[in-house]
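*Asks:* Chains as they are written, first to last, in my numbering: chain G, 7 to 247; chain C, 37 to 525.
Keep in mind that the hints are not guaranteed to be accurate.
[To be verified] For lysine-lysine, the following DSSO-like pairs were computed, each having C-alpha atoms within a straight-line distance of at most 30 angstroms:
no., chain 1, residue 1, chain 2, residue 2
1, C, K221, G, K212
2, G, K94, G, K158
3, G, K212, G, K94
4, G, K94, C, K195
5, G, K158, C, K195
6, G, K158, G, K212
None of these hints come from the bench; they were simulated from the model.
Single-letter residue listing:
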Amino acid sequence: MEFASLSLFNQAIILFAALALFMSFIMLAQARMMPLIFTFAWQGLLLTMVSVLVAIASGHPHLHISAAITFCLKVVVIPWLLYRLSAKLNMQYDAEAITHPTLLLLGGVALVIFSYHVSQSIVHLSGLATRNTIAVSMAIELLGMLLMIARKSAVAQVIGFMSMESGIFFAAVVSTYGMPLIVELGLAFDILVASILFGVFFFHLKDSFGSLNVGQFNRLSEANQPMPSPEAAEPAPGERS
Amino acid sequence: MTLLEITLLIPLLGGLLLALVGHRPIAGWINIAVGVMTFGAALAMALEVLDHGPQLSPSRMFYIDAFNVYLVVLTAFVGLTTSIFSRPYMRHEVERGRVTSRRLRLYHAMYQCFLFSMLLALSTNNLGILWIGMELATLTTVLLVSLYRTPEAIEAAWKYFILCGVGIAQALFGTVLIYFAAETKFGAGRDDTLLWTVLHESAGGMDPAVITLAFVFLLVGYGTKVGLVPLHNWLPDAHSEGPTPMSAVLSGLLLNVALYALVRVKMLVDGSLHTNLAGNLMMGFGLLSFTVAGLFLHRQHDVKRMFSYSSIEHMGLITFGFGMGGPLATFGALLHMTVHSLTKSAIFITVGHACQLAGTQRITQIRGLIRTQPAIGWGLLLGTVAIAGFPPFGVFISEFLLLMATMKTWPWLTIPLLAGFGVAFGGLFRHMQQMVFGEPPPGQKPVEANMLPVVVHLLLVLWLGLAIPGFLSRWFEQATVLITGASPL
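Chain C with its partners taken away, still in its complex shape:
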């Protein structure tokens, strides 16, 4: 059994085990243990890939290269830290009476199944399986979004289900079209024509008309899951109404996986068309999302909703970066994917504790965090500073790289980008002062909080901002070479 199969099997079996364990107090610990094992296996696999280069499983069903291996590790890592956070958090939610302890069975089992579906989507070599993994990720999270069973949560989950269902159906149509293009080239009867490695090798010979049409469908489909404007409506709802650990993994991981799918497809399309059509479309949608989400940041009254708009904004920026192509932009986009994922999940973890502390998600009622519980207050402040792109955090570096790349290739677009950074900065810090430093309402008491994940995430982001370790930059470089064919260094 290869390390990859172990990495995939652990969360799947863990999910089954947790379904059996039910709502016993030990379930939270098992969830963490499964996370630790998955992360260990993913790390071991990553080291193997680092030593021996890309690996194709014997059945050609799975393919691991520099691009997806680091996303696998990131997914396993954030999955682990969020599970550490979720144990005390969910126990507190049960105490508050927002969920019955019975629903914890569903929560824990689905949490691991969700991680499994993302790892499956990341590591598969088959475009069809990639789609199945993405759809499975929707299906496993939809019941978690509605976990609290409030009318708002039901509404959010229904929207999420329908919008992502429709979106992802378009991606399936796109996949069928790609298969059609491949079959016209290879002739019918081969069953390996949906394998990414096969398609990528011979992308040049596929019919441009079909591939163009397919890409439009795939962009709409996976773009819905990335949260690109105007298909983003599900995202703030699902983030604000679901339990906070879900928001952390949705923002930190699921959006990345969807974008990963889009970039994989873009690599095929670029190979076939030899024009920048795919890139231009991605740049357009990315910039639109970046701008619109930045403006929407100012209108929010719910703190989780606000940070979910910030996720849309950053995903827009990353999509823009990948769309621009070029080694520097791609390197920046890869780095930004990592630091955004780490920072945003840290923020959601802190926000989750802050909401429990204040007993509400409304920004106007969250006050004086730093006085009641300094760890949460500082966590939120530093997290927001990091996500807004201040040095010395990693987000600054990646945004700077993306800005540099824009200046080189599309100098005019630096103006909307800079304006967007300013607008988003204003939107984020508008309410921060009051929430962190304001006068705490009488009777506000500290809650049981485990800030270890936040500290680890923010330290990692800080580390990436000060000096990117050698092995990581080698990974990013290999991935960049894979995507663009040229090295940034």
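Only chain G is shown next, with the shape it has when bound in the complex:
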């Protein structure tokens, strides 16, 4: 398929999808908190624009609603929430050490190739102009998962989680012109509740562990179970307020 032979709308859709994928890579390599949150917001904006373009190109008006939902959640609410929380927890200038960044990015590349390979067998089914982007959406989803696995900071894990969700939402838009409205609304509600809960957890983590680095979790592992003293495992009555 010649890129230039596509209509302008389709060219724009593919361009924005590619940029959204690029944002996923930036997030993988971005160690500092604030730029990470902003990159996530940019990705949300790009995906919103794809939804709007698909809505115009295909004449499915209800895609405007899902574009609006994406915009509200992924560009405004969640980044704002994360920004506020990191400011409140005094960690907006924190950076985490990424181990093996090159390997991580190469792993990301492998995931993109894998997504193209997997979606090879199904893209021919789709008569939609956007079929090229199914692979991209799957790649965004898998890259979000890689981000969650590779990073130790709770904020980065949340961003990875939300980015996965964006990838799936994107897949729904480009492969089937969006899910039924009731499902999309339910999804949005779930994501909203999840982001609020994540916020609650940031405070709990900070209180209990002193930081948002979940790499220091070691109390509940199966291998060589640490044997905490009985008092540590089980607070005596009245010890905890």
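Fit chain C to the supplied structure of chain G, relying on the hints for placement.
*Replies:* Chain C in isolation, oriented as in the chain G frame:
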């Protein structure tokens, strides 16, 4: 308003009411009352379905057939008995200072919302709503796992949240792919293509490549919630660190609901592929979970953790049974779902009281239960005997049926199954002797315990082991016919 809507509305409104009532002592009673009403409505609905067959709500949003109706009743029932247990239990936890009384508001409200989300997932006809219900079940329980706010509890809740969140996101991707396959078949623009009834009728025409891919994603997604190895890590943590009533409903109900979702999807996939791919994958993961969890039973130092590994083991066995397909295996798996749910929640209730009695969850420090408080000691002993699959309890019957089915279709696999039963038996009874009969530490005093739920559950399991009542076996049979297309009887 149909009975189903009432069944769904009661826990939802109950949750709101409990959020308003707060931590007043009456909240525990209201929780029980809501449980009673939900169970009553569910029972009435079940009788209606038994008389008139499957029901599709006018908006086609909900669908009740033999398969999910008995899970609805089971969910409402265990929800009720656990709420009876939780009232004195949580009051005692407040007295011990493990939770502030303020957090009881959160606990009670979320308890009912959790039941609502499971009932929603069970009764909906829409695969998208099914996913939303499953995710809602995670969201409502995550704050309950961290209720004690110890570092361990926070760690467990975070793990639970992240792992189940990632897992369930895969299931959403699978759902999108199924929708994609359906749209390619029906053409875009219809908004009923995510309805299970519509999909099931025309599963044959959906593209096998897409459906295969979708099933892999759905298996990973819902499999995480079922607790299949290697995605089980959240389960023992969440069970051991959360309040015990939560462990009882997580093990007894949530795992079932996730498996229900998986089996529903398998029915679609089987209709489309006409191969046993889905079944084989489920058998593989089921057997792996069964074996690995059995081995892990031996390594545990925490009694709640130990029993959560036993849950993984049994869920693995049930997944294996559903994967094997065939009427006998499916019948056995359905029965095992029921008896496991009843027995495991009874065990967790007893374990909760035992931990309060001993003041710890560490196995080495729980001693002499039978001497200090015979009811708890006997409850734990009989519960463990039941879950290990001794006759005359129901678990024996269902495990026997599953074993028979394996022998008929995959004779070689009976060897790992039998070995697994042996290993799990050893793991469970390794510490039981000391915990139940040992010398109680000085100063160990009985606690206020309501053993009624345990007695009722174990009697039901015993009843199912001695004779399955006619209406129940008819239900199971109808469900089996629904899933496999053939009758076991």
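*Asks:* Now tell me, hint by hint, if it's right for this structure.
*Replies:* Okay, the hints, checked on the actual structure:
1. C/K221 / G/K212: violated, 51 angstroms
2. G/K94 / G/K158: Distance of about 20 angstroms is within 30 angstroms: holds.
3. G/K212 / G/K94: holds, 11 angstroms
4. G/K94 / C/K195: holds, 24 angstroms
5. G/K158 / C/K195: holds, 12 angstroms
6. G/K158 / G/K212: holds, 14 angstroms
When held up to the earlier numbered hints, the structure conflicts with hint 1 and nothing else.
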